[in-house]
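**Student:** Sequence:
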Amino acid sequence: RRMAQTGAFDVTFGLDVDWKSLEIARKQAEDAGVGPEEGLLMLRGDVQELPFQDEVAEFAFWGMGMHTVQDFAEGLREVARALRPGGRLYATTYPGMGRKAEDVAERAREAGFADVTVEEPEAMKLVLKAAKAA
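When the sequence shown is numbered by the numbering used here, its final residue is 134 and no position is left out of the sequence of numbers.
Incorrect hints may have been included.
What the hints assert, rightly or not - SDA-like mimics (lysine to any residue), calculated; alpha carbons at most 20 Å apart, straight line: (1) K129 <-> K27; (2) K100 <-> G86; (3) K20 <-> H67; (4) K100 <-> A123; (5) K100 <-> T117; (6) K100 <-> R84; (7) K20 <-> P36; (8) K27 <-> F52; (9) K129 <-> F9; (10) K125 <-> G87; (11) K100 <-> F59; (12) K20 <-> E55; (13) K125 <-> E30; (14) K129 <-> G87; (15) K125 <-> M42; (16) K27 <-> R2; (17) K100 <-> E110; (18) K125 <-> H67; (19) K20 <-> E30; (20) K125 <-> G86; (21) K100 <-> L50; (22) K20 <-> L43; (23) K100 <-> G87; (24) K27 <-> V11; (25) K100 <-> E58; (26) K20 <-> T6; (27) K100 <-> V69; (28) K27 <-> E55; (29) K125 <-> R84; (30) K20 <-> E58.
Quick caveat, the hints were computed from the structure, so don't treat them as lab data.
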């Protein structure tokens, strides 16, 4: 919803594997006056099998989700596949279970990202910023 409100993108997709989460997000967007007419489309899908063609997205925000998937490295590869060269990723997650800052950075590089930084701005939160290699 917030990405659609910026007007920076023609179309913004909200994607989640959980129908209930999508319904909550749709309701919040409607309450904020944001919907398909403003370019916000909600999809049910899995980051490990994104429903997008190769190199079509300019930006991806993966909010507090890396810790919820079976294989976050596969999710990173899928995001890289969907991003155009130079496309940016901003992702947040909880550390732990193989998601230490250095491991997240390494998996991002292996997935095809460059300019990778991983910060821990507060306890129990990692922030990944990266760009798909051109």
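**Student:** Could you run down the list of hints and mark each one as holding or not?
**Tutor:** Verification of the supplied hints:
For the hint linking K129 to K27, the alpha-carbon distance of about 29 Å lies beyond 20 Å, and the restraint is violated. Of the supplied pair hints, the one linking K100 and G86 is violated, its CA atoms being roughly 25 Å apart against a limit of 20 Å. Restraint check: the Cα-Cα separation between K20 and H67 comes to about 18 Å, which is no more than 20 Å; the hinted pair holds. About 12 Å separates the Cα atoms of K100 and A123, which keeps this hinted pair within 20 Å; it holds.
The straight-line distance between the Cα atoms of K100 and T117 is roughly 12 Å, inside the 20 Å bound, and the hint therefore holds. Distance hint between K100 and R84 is unfulfilled; the C-alpha atoms sit about 27 Å from each other, more than 20 Å. Restraint check: the Cα-Cα separation between K20 and P36 comes to about 19 Å, which is no more than 20 Å; the hinted pair holds. Restraint check: the Cα-Cα separation between K27 and F52 comes to about 24 Å, which exceeds 20 Å; the hinted pair is violated.
Proposed proximity of K129 and F9 is supported: the alpha carbons are some 19 Å apart, at most 20 Å. Among the hinted pairs, K125 with G87 is inconsistent with the structure: their alpha-carbon atoms are about 23 Å apart, more than 20 Å. In summary, the hint linking K100 to F59 is not supported, as the alpha carbons are separated by about 24 Å, beyond the 20 Å threshold. For a cut-off of 20 Å, the pair hint linking K20 to E55 is broken: about 29 Å separates their Cα positions.
Pair hint K125 plus E30 does not hold up; C-alpha atoms about 29 Å apart against a cutoff of 20 Å. Simply put, K129 and G87 have alpha-carbon atoms about 11 Å apart, close enough for the 20 Å limit, and the pair holds. For the given pair, K125 sits about 26 Å from M42 by alpha-carbon distance, which is inconsistent with the 20 Å threshold. Note on K27 and R2: the hinted pairing holds, with a Cα-Cα distance of about 13 Å set against a maximum of 20 Å.
Distance hint between K100 and E110 is fulfilled; the C-alpha atoms sit about 15 Å from each other, no more than 20 Å. Between K125 and H67 the alpha-carbon distance is near 11 Å, which keeps this suggested pair within the 20 Å criterion. As the CA atoms of K20 and E30 are separated by approximately 15 Å, the hinted pair is consistent with the 20 Å bound. At roughly 25 Å between alpha-carbon atoms, K125 and G86 are farther apart than 20 Å, so this suggested pair is violated.
About 24 Å separates the Cα atoms of K100 and L50, which puts this hinted pair outside 20 Å; it is violated. At roughly 12 Å between alpha-carbon atoms, K20 and L43 fall within 20 Å of each other, so this suggested pair holds. Note on K100 and G87: the hinted pairing is violated, with a Cα-Cα distance of about 24 Å set against a maximum of 20 Å. Of the supplied pair hints, the one linking K27 and V11 holds, its CA atoms being roughly 18 Å apart against a limit of 20 Å.
Using a Cα cut-off of 20 Å, the hinted pair K100 and E58 is violated, with the two alpha carbons roughly 27 Å apart. Straight-line distance between C-alpha atoms of K20 and T6 comes to about 25 Å, which puts the hinted pair past the 20 Å bound. Between K100 and V69 the alpha-carbon distance is near 16 Å, which keeps this suggested pair within the 20 Å criterion. Distance check on the hinted pair: K27 and E55 sit about 30 Å apart at the alpha-carbon level, beyond 20 Å; violated.
In summary, the hint linking K125 to R84 is not supported, as the alpha carbons are separated by about 27 Å, beyond the 20 Å threshold. For the hint linking K20 to E58, the alpha-carbon distance of about 27 Å lies beyond 20 Å, and the restraint is violated.
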